[in-house]
Amino acid sequence: MKFPALLICTWLVGQSTLLAQSSFPTLGKVVRIDPQLDALIASDAKIEVLASGFVWAEGPVWIKEGGYLLFSDVPQNTVFKWSAKDGLTPFLKPSGFTGASTYGDEPGSNGLTLNRQGHLVLAEHGDRRISVMPLTGVGKRTIVDNYQGKRFNSPNDVVQHSGGAYYFTDPPYGLPKKHEDPTREIDWFGVYRAAADGKVTLLTKDMTRPNGLAFSPDEKILYVAQSDPGKAVIMAFPMLSDGTVGPGKVFYDATPMVKQGLPGLPDGLKVDANGNVWSTGPGGVLILSPSGKLLGRIDTGEATANCGWGDDGSTLYITADMYLCRIRTKTKGAGW
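Numbering of the sequence shown is given in our numbering, commencing with residue 1 and proceeding in unit increments.
Among the hints, erroneous ones may be present.
[Unchecked claim] Straight-line distance between alpha carbons at most 16 Å, and here's what the computed EDC-like set of lysine to aspartate or glutamate pairs gives:
no.	residue 1	residue 2
1	Lys330	Asp44
2	Lys332	Asp38
3	Lys150	Asp187
4	Lys330	Asp38
5	Lys332	Asp311
6	Lys205	Glu185
7	Lys85	Asp299
8	Lys231	Asp253
9	Lys81	Glu65
10	Lys199	Asp253
11	Lys220	Asp242
12	Lys205	Glu219
13	Lys64	Asp311
14	Lys199	Asp242
15	Lys29	Asp299
16	Lys85	Glu65
17	Lys177	Asp105
18	Lys150	Asp181
19	Lys29	Glu48
20	Lys29	Asp44
Since the hints were made in silico from the structure, they are not lab data.
Since we're looking at a predicted model, the values are computed, not measured.
All chains should be modelled from the sequences, with the hints used to inform the complete structure.
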């Protein structure tokens, strides 16, 4: 059931305030497949629900200086803010579509990240661009919105390399009619690099539904998730000296898990300091060793969209359909 955005927001603020004053409810379970997982997640770790009632939560990013989390609700065209002190409040609306009319069912921002200047970078569905803004809310500016003069489909997730370039994916999920939308200007769903000087390079157009992406700790590998139920894979692309990538290989194939009926697809992903990959996928968040071995799952029981490190770097915040969750880990995010 869909609820009006204003009612959802009002209820969420009150609900989150109540949760902040008491112990958090929990959901799901940790599924342990390999003993190596014990070094990453304690045996008594719980999946805590911090807030709920969202339409589709996405893109969690932790703001160290302020001690709070920002995340998208894509259908509500809103970025929310959550902190243990203040609970939940709207942070930015509109977050991804600024037009005068309605725009499909996923108009808002999706993936979020912080750049090297500490500014918020947004992958915007509705305005079909990568944008950046100071956390003070002064206003956005466009980083990139086209490739060779053709508008992107709906940028989905974005990361920044230590050299300054942005890497992002461009599937059709934010278009009003998805891959059949008549306003599409690009024939493929690509992975791109936007250099500091604004030059946009197509890295690959061979993925059917590129989605979340992240670098290995040494930035020698670019991982890209593919949200295609027929080929639900995480790809690993070797980074080249010019900032582009070499031919990719399958890092992990989750297609059999999709066929088992586990909810969700490979979507957002992050990497910890030891190179383990924490990727949303069928059955929650998949924890994969640097060699691509499945160690276990954080099973939320819901289609799980994204995750991100927070607090001191050891807490994994998770957006799972209508829920904002977290779980304490025994590791830390890469570069924390």
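Going down the list of hints, with the structure as the test:
no.: 1; hint: Lys330 <-> Asp44; in the structure: holds (12 Å)
no.: 2; hint: Lys332 <-> Asp38; in the structure: holds (14 Å)
no.: 3; hint: Lys150 <-> Asp187; in the structure: holds (10 Å)
no.: 4; hint: Lys330 <-> Asp38; in the structure: holds (9 Å)
no.: 5; hint: Lys332 <-> Asp311; in the structure: holds (10 Å)
no.: 6; hint: Lys205 <-> Glu185; in the structure: holds (14 Å)
no.: 7; hint: Lys85 <-> Asp299; in the structure: violated (27 Å)
no.: 8; hint: Lys231 <-> Asp253; in the structure: holds (8 Å)
no.: 9; hint: Lys81 <-> Glu65; in the structure: holds (14 Å)
no.: 10; hint: Lys199 <-> Asp253; in the structure: violated (33 Å)
no.: 11; hint: Lys220 <-> Asp242; in the structure: holds (12 Å)
no.: 12; hint: Lys205 <-> Glu219; in the structure: violated (21 Å)
no.: 13; hint: Lys64 <-> Asp311; in the structure: holds (7 Å)
no.: 14; hint: Lys199 <-> Asp242; in the structure: holds (13 Å)
no.: 15; hint: Lys29 <-> Asp299; in the structure: holds (5 Å)
no.: 16; hint: Lys85 <-> Glu65; in the structure: holds (14 Å)
no.: 17; hint: Lys177 <-> Asp105; in the structure: holds (9 Å)
no.: 18; hint: Lys150 <-> Asp181; in the structure: holds (15 Å)
no.: 19; hint: Lys29 <-> Glu48; in the structure: holds (10 Å)
no.: 20; hint: Lys29 <-> Asp44; in the structure: holds (10 Å)
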